[in-house]
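Guided by the hints, dock chains R, L and P onto chain W, whose structure is given.
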Amino acid sequence: MIDPAWVSGLSALMFVIGLGGAFTRKNAIIVLMCIELMLNAANMQFAAAAVHHGDTTGWVYTLFAIAIAASEVAIGLAIFLAVYGQHETISLDDVNVLKN
Amino acid sequence: MSNATIVEPFGDGFVNALCPELILFAGLLLLILLPNLGRGTFRIPGTQLRLPWLLGGKRFKLSSDPRLPAWIATFTLGGAFLDVLYIFSQGLERVSIVSESGKELLLINGFSRIFELIFFGALALAAFSSMNRLQVNGIGSKISERELYNNRRQADFYILMVTCALGMSVVALAQDLFVLFIGLELASFSTYVLVAFLKESKVGVESGMKYFIVGSVASGVGLYGLSMLYLWAGSLQFSVLSAAFAESGTTALPLIGIGFVLVGFGFKVSAAPFHFAAPDAYAGATSPVAGVLATASKAMGMIGLIRMLLIIAAPESSDGSAVWLVCLGVMAAITMTWGNLAALGSDNPKRMLAYSSVAHAGYMLAALTAVGAWNWDAAVAGDASAAAVAVMTALIFHLVVLVAFKLGAFLVLSILESEGGASSLSSLGGLAKREPLLAVAMFIFMISLAGVPPMAGFLSKLLVIMGIVRIAVGDMGAEIADGGIYVLGDMHWVWWLALLMLINSAISVFYYLRVVVVMFFDEPEEGREGPLPRGWQVRVAILACVLTTVLVGVAGDSLIRLCEMAAQSLNYNW
Amino acid sequence: MQDWISMPLVGFPLVASIVLLAFVSNANESMRNRLSNPIRMATLIFSLVLLAITTGMFFQYFGNASWEGISFNNYEFTHRYTWIESLGIHWTVGLDALSFPMVWLTTFLLPVTIIATWNEKNGAVYFPIILGMGGALIGVFVALDLFMFYVFWELTLIPMFFLILMWGGADRKYASQKFFIYTFTASVIMLLGLITLYFFQDPVNPLEYAGSMTGRTFDIPTITQHALMENSNGNWYLGTNIQKVLFAMLMLGFLVKLPAVPFHTWLPDAHVQAPTGGSMLLAGVMLKMGAYGMFRLPISLFPHALEYFQLALMIIGMVSLVWGAIVCLGQTNLKKMVAYSSVSHMGVILIGIATMQPMGWAAALFMMFAHGIISPMLFAVCGAFKHHYHSMEIGAMRGMAKHSPWLATSMMFAWMASLGLPLLAGFVAELMMLIALWYFLAAEGWSVFWMVGPALVLAITAAYYLWSMQRTIFEGGDETQPPTSLNGQPVPDIASPEKLAMLILALFTIVFGVMPWIALDMMHDWTIQIFEGLILPILGDFNGGA
Amino acid sequence: MSGTEVTTTVHSDWMQYAPLIILLPMMGFAVILFLGRVFNGHPFWKKNLKEGGIIALLVMGASFILSLLLISEFLKGYSGLDEIFEQIAWVNTGIWNGGSTTEPVSFGFGIYVDHITVMLLFVAAFLCLLINVFSIGYMNTDPINDNRNHRFYAEFVLFCAGMLGMVLADSFLWLFIFWEIMGLCSYLLIGFYYERPSAASAAKKAFLTTRIGDVFLMIGLVMLWDLFGSLDYAVVFDTQNIEIVAENSAGTLQWALGLMFIGAVGKSAQFPLHVWLPDAMEGPTPVSALIHAATMVNAGLYLVARMFPFFGAESLHGDLDDLAFIIAAVGGITAVMAAGIAFVQMDLKKVLAYSTMSQLAYIFTGLGCALYLANTLDWHNDSDAHYIVVVAFGAALFHLFNHAMAKGMLFMASGSVIHEVHHAHHHLHHGDEHDDDDFDAQSMENMGGLASKMPITATAMLVGSASIIGLPFIGGFWSKEGIIANAWRVALDDPRFLFPAMCVLLGAAMTGFYMSRMWLKTFAGKPNTEVAAHVKPTNGWIKTPLFILIFVTLSSILLAGMGFTHWAADTEYSFLSEKNILNGILYEMEHAFANSDAFFFILTYVVIFLGAVVGPGIAMALYGGKLADGEEAKPWMRPVIRLNTWVNKRFHFDNTAFRESSLATALENRLYIDEYYDKAMVNIVAGFSNKVAEADTEVIDGTIKAIESGSQSLSSIVRSLTTGSARDYILMVAVGTLAISLLIWGVA
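Protein chains in written order, with numbering that gives the first Met the number 0: chain W, 0 to 99; chain R, 0 to 573; chain L, 0 to 545; chain P, 0 to 747.
Note that these hints are calculated values from the structure, not bench results.
Treat the hints with care, since some could be wrong.
Claimed, not checked - Cross-link-like lysine to any residue pairs, in silico, SDA-like; alpha carbons within 20 Å at most: (1) K690(P) to V321(L); (2) K102(R) to V59(W); (3) K243(L) to E478(R); (4) K432(R) to F22(L); (5) K243(L) to G482(R); (6) K432(R) to M30(L); (7) K172(L) to F11(L); (8) K401(L) to I143(P); (9) K432(R) to V18(L); (10) K201(R) to A81(W); (11) K690(P) to Y307(L); (12) K172(L) to F520(R); (13) K201(R) to H86(W); (14) K432(R) to A26(L); (15) K172(L) to P523(R); (16) K243(L) to Y485(R); (17) K432(R) to T408(L); (18) K172(L) to G482(R); (19) K498(L) to I703(P); (20) K243(L) to P523(R); (21) K401(L) to D145(P); (22) K172(L) to L730(P); (23) K25(W) to D727(P); (24) K172(L) to E707(P); (25) K172(L) to I703(P); (26) K102(R) to K25(W); (27) K243(L) to L50(R); (28) K432(R) to E28(L); (29) K201(R) to V50(W); (30) K385(L) to S495(L); (31) K98(W) to N347(R); (32) K25(W) to L730(P).
What the hints assert, rightly or not - Over the 12 Å line for every Cβ pair with chain P, so calculated as not near, a few chain L residues: (33) V18; (34) S211; (35) V244; (36) H263; (37) Y307.
Backbone N, C-alpha and C define an ideal beta-carbon position, used for all residues, glycine too.
Only chain W is shown next, with the shape it has when bound in the complex (with noise of 0.2 Å):
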């Protein structure tokens, strides 16, 4: 079995992608994405936790972590569909009428 560890080593490096990510890139859909891969970052580290302390727990915040990603995403994409009915741009630079 891989030793979690590495998993953890692997979900530091997806959370790290997702952060930078998010604010490197101006699309919001990108951005959304960067995020869920944040969240999957946690989700491996949960799940390679759960297999080093061998705690079912571990695998039941997976699941509730994706949910939430899950919803997440829906809102999200709602959201982001409004914004361009209003402002026929997602790009996150260029909607900013809302500042100081």
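Same frame as chain W, but now just chains R, L and P:
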């Protein structure tokens, strides 16, 4: 914990214990069902027989009344609120909901109850006052009242409010970090949509998107933190985490894990530097929603922080907690100063209130820092645990009364908003002439926010400062009486946070007063000289806020005691 | 003993003010105009009742308080209700020879202010606010609980803020905010000092009136008692460092309120923009809160620190005295000049305090009282000037003696009283201050050059007052042409209510100038009590005295 | 050390009403002011009550009678330092002098009567009454004063109350209090014609200048209090108390008294605080008479005279002679300076004003010398020395008396002249619109030859001038000669005093010149203008006091003979005690004209030569001459006119050179002192105060404003970080996360 009644999910006493939440749930169902009742019929397949099953079709007059969802939501939330009050009056029971596998999921005690009070109270007021003020079309669009009312989206709005309340109460009850997180997400998702509810306006959707996307990143970081903690401790039970932290909390993994979690909650309380989306969100959302964000949502975030703090502030782990205190203290200082400075130059009253709520978050973080420092020096610790309780009391008290004046201020703005926008200070111009009582109410909210006596805001700030100073001074008074010699520098550094906090509240007077000056001094904007839009509900809600603000300020003793009881009921490890 | 009597003194004006304000708040314009007269009468009658009560207290019609000979930290008409028990907060009121003159002064100034500003616009709102202001001020003076003291201390800001904002001059927006923020900033520092003091109490001893949650008390008599015991044992209460820090923090709040240079710049702005009534109460009573607070808290609690900071206080006092006077000389705005003269006079109070002589303290107390009668008259005159001539510039209106003899006479009287003409109230205080100062300098071996300041100011004060009178009261002929702001209308003299107010103020200025003992005897007794009870045991520790 | 325990000795029942001397005029002030406000313009008020003049007269009459009763009681043998009125504890307070308790301190009010009091009381009460009578004739007949005379009378009686109170007060504190009340009244009275800018600025100048002196006086009093623990005469004059003070702090005492003297310098218009007096002539003439001749200027002298017990104290022997010299020297400087300026004045009243200044300076010199003698001679044990001291002091006080009477008369007479000239001008140009603008009724250029038209006035003026000049046998001669003699006596002992001695000697000649000049220019010669030719005699209200004062002045030898000069100084010599009046007069004559000491014998004749021959001679040579044709002066004035005519013809010379010299210009410009003062005020005081006011707004308030604007700009910086782009917000979240991680990493 041992003295708590242990109840299994859906076991005996479950209904009693979770009565407010069940009321919410029932209300939620009603909200979904009732507005959809109509003359809809169901044709039994294969026959021409149409059974009236009441869903869909042309709605009844009653069920099509746009105010119906609002009333339902108000009664639901208000009912839950009153139920909590009733429970308080009957005396509290400490109930622990434990899963079959022995994991403690929820704990009902004074702490959770008082937070339920905050959540339900704030949301009930918001729902009540949104009743005739909710705009679903773009601001200023020429749409008749009738048309406005006759809109099914009303129901969505109130459903989201109730789910938000539900999520928040889960946060208050949770005894497992992950359960807490789920509650948090439930409430957050609701607020994301609520913020973006004005999808017909540019600012509405924009604020929703920003709030959502930044919030998601923060909660992503938070979730990752959770996973790290889980990796470290093998459980996310508070009790387990706390014990583990006391044992080996100084390693990097748990510390960084908690740090990540802090980011997640930090966003909710809008602590710097995670607060950036907050002003945008407040400015774009309708005022009652913004009010909810500034009060209930913030209280929810605070619960998370308090829980984290209780984990790390266990007595033996002074090293780890010291790191944390510095971290929190710096964050508190930056947050309050940043918020105040930003508010100073803000011309948009909603943004101003948003920044002011950032500042208030700073004050609360300072209080939290003090809680963490409760046993900083055994020599002068004396009644340290009582002192810690006192600070916690102050924190809770602050969150409670914040609902009254912060939400109240947003409600006043909501009246102006429904008239034609409240995005610049001048929209408040001449309010004293147009509706004096409203101006007086706003004035009371403003000076209460600034912390001027005799308003509730003063008492809460006083309590926070008293708590901080008490921690900083510790038992020196008694030591001095016994011949000890102490100097200013002997006090814990949180004393300086108190000083900074007071200086900040002095700065804050500047922008709060500017609102007052505009209301009482300036002339109304052109075209806004006439009377304000009518609507008794929002005014009743404002009146309730004013009364609370003043009465608590003048005679806050019983509320202080209530908060003290709540603070004591926390699951301390000392 | 009608101990409850101080309760209505505070409560009734506040409640009446709120009720009246609520009553008129939703009335429309014409309704308000109709209401303004009955409300004015109501507030006048009410304030007269208050005056009757305090006067009755003085003449022992109510209670049998012997104002002369109240010993230190003993109070008449004390009453205590539990307010916020968990924090040890009580509604504690009481009067001693320090606070009673101030309370009487407040109740005296209320009707006078109402009369003097009888025709103020929007009276239906104005007069209740004045009344509420009075209630808050009385609250400050009768409070014997730190929390209550602070609450009323800040509460006074609110009516004053509105008085300035809604009835003030052209730049009232700026002035009202500056006034509020400046003094608020100082008082939050004071608040931190109060709270730190609160927690430095020893909670182990069973404390009277302690909060159930905190174990400490806000009760001033109790704290003072503890401090007194500790101090007279030869120790510094709370230790040297803490005592000094707390003294400085409390003092800062009071110095700003007083105000002392360099914390004074809010005052001229506030005064110039404030309406007459606001100025009268601001200068008459509100500034005295600072000096009152100094005696009530830092001096009573931290006498050692007072001695430590003696030089600093002396310097601040001297600078205020001289700086204020010199700035007066450079003013062209009548009200600003008078405002700076207040700064200068408050310097007298500080110097009196810094002498640490009973005579100096009695001088400070009497100065508070005398200035409380004289300065409202100064501002009433300024207000009338502004009201009738629509300008505040010295020289805008000349030859007042010709066309406005009443105003001219009042002005001259007030000016003369303020520059310390003998047999008017201010002289006694100035004389006592000078004697105490010299005595102190000689006894402690300080340099004679400290006298230069007061000496200079005695002359400068005369100079600026005379200079302004020359350009207002005197000089007829071509230069008396009414200011253009009058648009050629005939120049009116002051109206009858204003005359009445001026007469009353002038009368009492003379009464307390000719018979200072009425007020001074009780102040004297109190200063002797506090000095012998508090300062003497301490001074004995440090030096042999003179 | 409290001075309140003074035994109460009431001599007769009415004596306890002595405070009424002060209180009556004080109440009169309120009554007149009130009635005047109410009845202003009412015919009865205007005609019958003379707009309050009659009320004032009644009040002042009552005060005068009470004063006379008090004086007679005193003369009946009640002597010694004592009080006749129980003290009121005015201010009670306490000090801590290093002991284990505080010491009570109290300031009380009472009445104190001794020789000096009695003399000043008479002068004040008597002159106030006469001036009151005069005022009715002067003020109420001038239409310019209509409907505001009540103000005049109210301020007038208050002034009198102040003067009487100052004289009667039993402590330096109350002396100062009444002194200030007088100051206020003089301010009000000088500024009576408030519409004139010159009056307004003169009033201000008077108050300010005297105030500067008062500041020093106040500090002197404070120092004195510090030394004695009281300001009551009974305490500070107590020999034992003085001994205690003398032991340790004689120097401080000298400083205290010196500072008090500065107060006197201001009040009595001595160099360098003299600038207010000439300007103060802006007030109505009765005011000039009252303030600047008869009463207020005497306050300074009274104060210095009051210091006698210190100078005379045995324990302070020789300690205070420097101060005595300063007093004499200030007097000397002023005497010459004022006389010099009086040379070139054209304004009748200004001549009198400078003359006042100069004569007061004589008295100061006299007092300075007397105090020097008292301080340096062993007069307590040596009876010769005792006599010298008493006579020296008496001479100064006697000159005060003579000068007050004469100068009061002169001012009233000048008022009479001005009044009538003004009327004549008014009458002549009746209906003309150009009116008073360019006509100066006070200028001697517009007079001349009035001796025949206003006989009583001219006589009064003549007698008054003679008294001031020190013409033998008339009024001031008896005292002035004494002052000069004493100055030289001291100068022989202490060469420093040669300066004041020379000054007073020179001053005698100068006095002779300018007083003669004034009289001649006004009354002799031909009328200078058409107006002067039409002047009518004055009214009865004005004549009466003049008439009385002529006799008082002429009879001054009687007072001298009664022992006035000796008695005034000391308890040992009582009024009419040693000699009968005839012997007294003979003694005085002998002493003056046939002094056994050769030095003083010669000195007397030198003085007479300078004052009575040289000075008037030069004046006669320059001014005056025959009256206009057909005009005939009264018989007693004819010799004067004739002598003048003869001298004028025989010795007339051209003084253009002098008049065009820079000295004359300087004198006309008052030696530029006023100019320097004005410059100092404008450049230094006003400039500095403007700078300070600027600093107040720019620096102190500027700091506050800078904090405000600084936080505002900080605010915009902070807010600009909220860019509006969600990407940046996410970045900040990431940065925050990183920061927290690094912080923990670093520590853990």
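Ascending list of hint numbers which this structure does not respect:
Violated hints (numbers, rising): 7, 11, 17, 18, 19, 20, 22, 26, 27, 29, 36; every other hint is consistent with the structure.
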